[in-house]
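Sequence order for the protein chains is A and B. When we follow our numbering, the leftmost residue of the first sequence carries the number 1, and every step to the right adds one. When we follow our numbering, the leftmost residue of the second sequence carries the number 1, and every step to the right adds one.
No lab work stands behind these hints, which were simulated from the structure alone. Keep in mind that the hints are not guaranteed to be accurate.
Taking CB as the label site, the calculated pair distances span [said to hold, decoys possible]:
#1 G171(A) / L124(B): 31 to 37 Å
#2 Q474(A) / V14(B): 52 to 58 Å
#3 I98(A) / K59(B): 57 to 63 Å
#4 N150(B) / L248(A): 23 to 29 Å
#5 G102(B) / A32(A): 53 to 59 Å
#6 K127(B) / G171(A): 33 to 39 Å
#7 Y11(B) / Y70(A): 54 to 60 Å
#8 A272(A) / K127(B): 16 to 22 Å
#9 A161(B) / L73(A): 46 to 52 Å
#10 F115(A) / L124(B): 42 to 48 Å
#11 F115(A) / N104(B): 33 to 39 Å
#12 K127(B) / K110(A): 31 to 37 Å
On the chain B side, residues computed to face chain A include the following (Cβ under 8 Å) [said to hold, decoys possible]:
#13 Y11
#14 P73
#15 L84
#16 E99
#17 I174
Just so it is clear, CB atoms sit at the ideal spot from N, CA and C, and this is done for glycine as well.
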Amino acid sequence: MIKRFLSLEWKQFRRASYFQKGVAIKILLFLAVLYFGGIAIFIGGIMFFGLKKTFPDIDPIVMVNNYLVYWVLFELMIRYFMQQLPVMNIKPLMIIPIKRNSVIHYLLGKTTLSFFNFISPLLFLPFTIVLLFQGYPVVNVILWFFALMCITLSINFLNFLVNKSNTVFYGIASAVIAIVALRYFNIFDITEPVGKIFNGLYNQPYLAIIPLLMMIGLYKANFDFIRKGFYLDGAISKKVKEVNATDLSWMDRFGSVAPFLKNDIKMITRNARPKQVVLMSFFFLFYGLFFFTQKMYIEEMPYLLGFASIFITGGFLLSFGQLVPSWDSEYYKLLMSQNIPYRQYLESKWYLMVFAVIVAFILSTPYLYFGLDIYLIIAAGALFNIGLNTFITLFGGALNRVPIELDTKAKAFSNTNGFNPTQLLIALPKMILPIIIFFIPYHFISFNAGLVALALSGVIGILFKNFFLNQIEQVYQKGKYKTIAAFSEKK
Amino acid sequence: MITTSNLTKAYNGVTVLNIENLDIPKGQSFGLVGNNGAGKTTYFSLLLDLIQPTTGHIKNKDILVNESEDWKPFTSSFIDESFLIGYLTAEEYFYFIGELRGQNKSDVDALVSQFEDFFHDEILGKKKYLRDLSKGNQKKAGIVAALIGNPEVIILDEPFANLDPTTQIRLKSIIKNLAEKQGVTVLISSHDLLHVTDVCERIVVLEKGELVKDLVTSTETLKELEAHFAGSELV
């Protein structure tokens, strides 16, 4: 029976839409996997030496154990937002004479092969190997690693429950908030006792049985949960959420684009996929930390500053904007046959992106910590984003004809929507243009001249808004039939 | 109202629709019947400029649909679920369509309230997104949305499929009323010969993209149609 399942699974994999893309994409995806895997292995490998160098007094393994709790929380959060649950696939299996138990075992077993379960081993296996070579006690180290893997799988199963049951979600969410708040207000630092627990796991290797039992327990809980709800309207059904209608009539002041703006806001707040994008764009805000914390970038590669500043305020713009017509792919025919001028549709998307850049800019105020220069370059980058990047992104969207399922989370590494050579070509000016605009005046005149040039390019873009929108509208009009046909293709 | 001339649509050299001449006058209730693949939906898609004609053109109130967008303000349609916005509630969807067609909230409310019995209390005020409604209820919402904003031309593809009997009967009276009393040109397609003959003044039969029959509905029409389709099944 398992063999049958596996062959079904193999077919699903081979015939998935993302696998049938061109060779170039496959290679790129492969490289991306290698890249991220490589980074994880690399970090895992140097972690020991890095920690030893930075904190010579503390044993690296103790240090790792002390902060492991954050890794666990991080993993839980990432999984909650990113990991897709494989539940829907069992519908066709329900009426076939297969024992329910084996379907459920299979289903749960399948989740262990998720990409997210490999991050931890990729990170901690090299670390463990280094520990072994450094002469740490073999039994302790290996059982510690084993315990970590059990914890990873526990998180995997916990995530399933969290996603399926509101009580579990709110319970865990409030626990996490409490932990962070207690630490923030210096009332109680959970890292210490939890660190002790992890250190205990290392020092008393037989304790590894606790995570093992925890994993088994969670597996059992999942099993019972699915077993009980093995009906179309039970655990495998999509949650039917009750509508939380918000009054958006204040947006009517935006005139003719208001209906679209209101609709877009609803689209973003009510669907899984756009929510994910918003979350991602929030992470983009921290992108600057990579650059501004390193003296090297500021002093030796200042042209990269323009690059960084684009990303800080442009996260939403880049990730949402590049998929612009696709967001409406589910009802594109309606939009095309309704009383809608294309122009208004595009303009409303433009306003949305501008709004997002402004919000991101306000949120980026803490970068003032790195000095006024840095803050000003973020401001100039924001202007560039509003004035030019929005248009480049909208233009690129016209070439993108991949339908999006709004209420399905994107799978890690299968998210190749809008990932094609043309899209990459379009992405280039978004990255390189700000570097050039900033660097040339900077190199020949001064830092401030670079700033002004970057800001000015944005202002010019805003002044020519109508011209740009007209051009983009024509591109969209031209591709209209192709886009409609592509969007109505069923996956 | 709607003139079709020399219209063909071909995919990879295979002609799927070929209509030399078809005139639909204002205020007519027009029915399109045919087996699967006869070209009904293709014709409606061409009428809404969702696909490009290979040759020929359609004029909607003297406007070339594939060149100008000016037919949109007075034309409305419901073809399939892709005309619904899944993450809106039925009310929000109606208001959205209303806004697009220059109707304010109370206009929309007034129109929708006429169809309360049509909804059987299953659509309005249910705090449910359209994507969570059953197929039949989705269809009802889509059809009612197509009536918003006093359109002069209404295009409905298979409006009777998936509907419960009560609603089918109610929909028939709505469509009749639109064409007879309000002068709206209504185009519907259906597989159900009985419904079409009940509702439409004129019925056109498509077969493999060709127009094979053009009938003014009379008491004989249903029999004639049944004979036609029974016969073509044997061939």
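Going down the list of hints, with the structure as the test:
{"no.": "1", "hint": "G171(A) / L124(B): 31 to 37 Å", "verdict": "36 Å, holds"}
{"no.": "2", "hint": "Q474(A) / V14(B): 52 to 58 Å", "verdict": "31 Å, violated"}
{"no.": "3", "hint": "I98(A) / K59(B): 57 to 63 Å", "verdict": "58 Å, holds"}
{"no.": "4", "hint": "N150(B) / L248(A): 23 to 29 Å", "verdict": "26 Å, holds"}
{"no.": "5", "hint": "G102(B) / A32(A): 53 to 59 Å", "verdict": "48 Å, violated"}
{"no.": "6", "hint": "K127(B) / G171(A): 33 to 39 Å", "verdict": "25 Å, violated"}
{"no.": "7", "hint": "Y11(B) / Y70(A): 54 to 60 Å", "verdict": "57 Å, holds"}
{"no.": "8", "hint": "A272(A) / K127(B): 16 to 22 Å", "verdict": "19 Å, holds"}
{"no.": "9", "hint": "A161(B) / L73(A): 46 to 52 Å", "verdict": "51 Å, holds"}
{"no.": "10", "hint": "F115(A) / L124(B): 42 to 48 Å", "verdict": "43 Å, holds"}
{"no.": "11", "hint": "F115(A) / N104(B): 33 to 39 Å", "verdict": "50 Å, violated"}
{"no.": "12", "hint": "K127(B) / K110(A): 31 to 37 Å", "verdict": "34 Å, holds"}
{"no.": "13", "hint": "Y11", "verdict": "10 Å, violated"}
{"no.": "14", "hint": "P73", "verdict": "5 Å, holds"}
{"no.": "15", "hint": "L84", "verdict": "6 Å, holds"}
{"no.": "16", "hint": "E99", "verdict": "4 Å, holds"}
{"no.": "17", "hint": "I174", "verdict": "21 Å, violated"}
When held up to the earlier numbered hints, the structure conflicts with 2, 5, 6, 11, 13, 17 and fits the remainder.
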